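Position 170 of the first sequence, counted from 1, bears residue number 170 in the numbering used here, the numbering being contiguous throughout.
The reader is advised that the hints may include incorrect statements.
[Claimed, not checked] Below, in silico cross-link-like pairs of lysine to aspartate or glutamate (EDC-like), each with a Cα-Cα straight-line distance of 20 angstroms or less:
no. : residue 1 : residue 2
1   : Lys-421   : Asp-379
2   : Lys-139   : Glu-96
3   : Lys-157   : Glu-246
4   : Lys-62    : Asp-190
5   : Lys-245   : Glu-14
6   : Lys-100   : Glu-70
7   : Lys-32    : Glu-88
8   : Lys-445   : Glu-376
9   : Lys-188   : Glu-268
10  : Lys-362   : Glu-393
11  : Lys-252   : Asp-234
12  : Lys-445   : Glu-402
13  : Lys-372   : Glu-402
14  : Lys-431   : Glu-446
15  : Lys-345   : Glu-297
16  : Lys-229   : Glu-162
17  : Lys-32    : Asp-379
18  : Lys-92    : Glu-268
19  : Lys-341   : Asp-311
20  : Lys-147   : Glu-79
[Stated by the list, open to error] Estimated spans, in silico, between C-beta atoms of each pair:
no. : residue 1 : residue 2 : range
21  : Arg-329   : Gln-420   : 32 to 40 angstroms
22  : Asn-145   : Gly-258   : 25 to 33 angstroms
23  : Val-165   : Arg-46    : 50 to 58 angstroms
24  : Asn-145   : Gly-287   : 53 to 61 angstroms
Keep in mind the hints are simulated off the structure, nothing from the lab.
Quick caveat, the model's predicted, so the values are computed rather than measured.
Cβ coordinates follow ideal geometry from the N, Cα and C atoms, glycine included.
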Amino acid sequence: MIARTRIAPSPTGELHIGHMRTILYDYAFAKKYNGQFIVRIEDTDRNRFVEGAADRTLQIIKDYGFSWDEGPGIGGPYEPYVQTQRLEIYKKYALELIEKGGAYYCFCTPERLDQVRAEQQAQHLPKTCYDKHCRNLSKEEVEKNLKDGVPYVIRIKIPANETVVLHDAIHGDISFNTNDVDDMILLKSDGIPTYHLAAMVDDHLMKITHVLRGIDWMPSSPVHVLIYKFLGWDMPIIAHLPNLKEKGSAAKLSKRQGAVAAVDFLQEGYLVEALVNFLMFVGWNPGTEKEIYTLDEFINDFSLERIQKTDLVAFDRDKLLWFNGYYIRNLSDDVLFDKIKAWAKRFEIKLNFSGDDKIDIKVVALIKERLKKFSEVNDLISYFYSKPEVKKEMLISYTKSEERTKEILNNFYNTLEITQKENWTRDNLEKVCHDLITKYEYSPKEAFMTLRVALSGQTATPHIFDILEVLGREESLDRIKSAL
RNA sequence: GGCCCCAUCGUCUAAUGGUCAGGACAACGGAUUCUCAUUCCGUUAACCGGAGUUCGACUCUCCGUGGGGUCACCA
């Protein structure tokens, strides 16, 4: 089998992370079955069009590590891949639909439609729908309106009381009664098609074999099934994917909880590998206990059958953070440092590093196992580069008294002062300090915590001897003196 | 409200008639004889309710209940 999948973003804003999940599945499926992954821009909504959004969407897809075999920028055998450049094609099929009795001209004004809807609501009808007014127009009336230039749309002519079944690759057969289906608009009065027409025509013409889309499309799928049927085309395989929700509630992703757009996650400092690995499990799992996946492994294991049937799947931000920390820890110090710098450059974030790569990489190595996302870097490294504010209460909280704190710090100071620069290494410092607390019978906790606070102003930091080493002799002594 | 989809630990999920109902995240406890983190070990914890089918139901059927989607000249 050869699979051809597509993603059809509409340039109405920043690409949503849920959409990126669908891209991942589309991409993996096409690759798994030696096919093509296609990007098609669905810019048929002129009202919500956002300038530059299409380019940013294309860019973020690349940023996440995906590439398309056909689409904007590279073309392909079925170009163009931008819907507003294909208007003639849709018009042609809309007319063909009318000819075949599957659609009709509708001259109703938006005002009349609003009125009809309002009346239906006032009567508390189970649902609002077009009253099919223009289905009864005579051939002559239609001709006359057309000749007079009366604005029109083209609607699908849904047959009465028939059962339409959708073969969903995940949910199985789903049947609808056509009495519940509205005569949806296929071609708008401005000559631009709606999704229903445009996507079906393009999917057919572009020989798409599998369509993965959000489950919110399910209610309109009878319209799509009927379009294919009227035009005499074979339907691609359709799979409806669960939507994303915020963990712990049924609410969809919200900015209050964190990033929502794909680019936002990059900006917060998530690694692409972590993001993609996390996204794999947002609606799918291999049925095994394996959960660390490379893209290639995923391509190999992915299958439509193992996509979850549930309509909502949680986007667990804690889990994402865990994935990210995992991938960060698996990076070498050099690579991590380079990635942090690249991230800061791209998002114009000022890092508090010294600029001396040798020292900076050492610091990165020390914070690596604590780092969950890049946006935390500055907080974690601050005291390495600038004198911390040391709170007195915190400083003396590990000893019985101020006197004892002073004594401990004095002893550390004196011991460290006679430690020469060439001996200022992590291992030697550890030995010297341990000797000291043994000699004075300090408890490790009171001594080291006091020293930690004096050096960093914090109670949670990397190992104290690592900090001493990175800070250097002069700076370390200076900070102890300040604390005293 | 009509139509459609869905329902397992706190959270996300595995299980396709027979399992001590498994894993991960989170939480908690222990170890790594300084904190935090990491790593390792461990603990707590779930089949929405009711009928039915069956020797046997988390798994199949029906009815409830609950959640979600949709009902635009948006996708």
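Now the hints, each set against the structure:
1. Taking the CA atoms of Lys-421 and Asp-379, the gap is near 29 angstroms; set against the 20 angstroms cutoff, the hint is violated.
2. At most 20 angstroms may separate the alpha-carbon atoms for a hinted pair to count; Lys-139 and Glu-96 meet this at roughly 16 angstroms.
3. With a C-alpha separation of about 39 angstroms, the suggested pairing of Lys-157 with Glu-246 is violated against the 20 angstroms cut-off.
4. Between Lys-62 and Asp-190 the alpha-carbon distance is near 33 angstroms, which puts this suggested pair outside the 20 angstroms criterion.
5. For the suggested pair Lys-245 and Glu-14, the alpha carbons sit about 18 angstroms apart, so the restraint of at most 20 angstroms is met.
6. Restraint check: the Cα-Cα separation between Lys-100 and Glu-70 comes to about 32 angstroms, which exceeds 20 angstroms; the hinted pair is violated.
7. Restraint check for Lys-32 and Glu-88: the C-alpha separation of about 34 angstroms exceeds 20 angstroms, so the hint is violated.
8. At most 20 angstroms may separate the alpha-carbon atoms for a hinted pair to count; Lys-445 and Glu-376 exceed this at roughly 27 angstroms.
9. For the given pair, Lys-188 sits about 40 angstroms from Glu-268 by alpha-carbon distance, which is inconsistent with the 20 angstroms threshold.
10. The suggested pairing of Lys-362 with Glu-393 is violated, with an alpha-carbon distance near 30 angstroms, which exceeds 20 angstroms.
11. Distance hint between Lys-252 and Asp-234 is unfulfilled; the C-alpha atoms sit about 34 angstroms from each other, more than 20 angstroms.
12. Proximity of Lys-445 to Glu-402 is assessed by CA-CA distance (about 16 angstroms); at most 20 angstroms being required, the pair is judged to hold.
13. Restraint check for Lys-372 and Glu-402: the C-alpha separation of about 36 angstroms exceeds 20 angstroms, so the hint is violated.
14. A threshold of 20 angstroms between alpha carbons decides the hint, and for Lys-431 with Glu-446 the separation of about 17 angstroms falls inside it, so the pair holds.
15. With a CA separation close to 31 angstroms, the supplied pair Lys-345 and Glu-297 exceeds the 20 angstroms bound.
16. Distance check on the hinted pair: Lys-229 and Glu-162 sit about 13 angstroms apart at the alpha-carbon level, within 20 angstroms; holds.
17. A distance of roughly 42 angstroms separates the Cα atoms of Lys-32 and Asp-379; the hinted pair therefore is violated under the 20 angstroms criterion.
18. Note on Lys-92 and Glu-268: the hinted pairing is violated, with a Cα-Cα distance of about 46 angstroms set against a maximum of 20 angstroms.
19. Pair hint Lys-341 plus Asp-311 does not hold up; C-alpha atoms about 39 angstroms apart against a cutoff of 20 angstroms.
20. The hinted pair formed by Lys-147 and Glu-79 fails the criterion: a straight-line CA distance of about 33 angstroms is larger than 20 angstroms.
21. The supplied range of 32 to 40 angstroms is met by Arg-329 and Gln-420, whose beta-carbon atoms lie about 35 angstroms from each other.
22. Evaluation of the 25 to 33 angstroms hint for Asn-145 and Gly-258 yields a failure: the beta carbon distance comes to about 52 angstroms.
23. For Val-165 and Arg-46, the Cβ-Cβ distance of about 34 angstroms falls outside the hinted range of 50 to 58 angstroms, so the restraint is violated.
24. As the Cβ distance of Asn-145 to Gly-287 is approximately 58 angstroms, the hint placing it in 53 to 61 angstroms holds.
Checked against the numbered hints given earlier, this structure breaks hints 1, 3, 4, 6, 7, 8, 9, 10, 11, 13, 15, 17, 18, 19, 20, 22 and 23; the rest are met.
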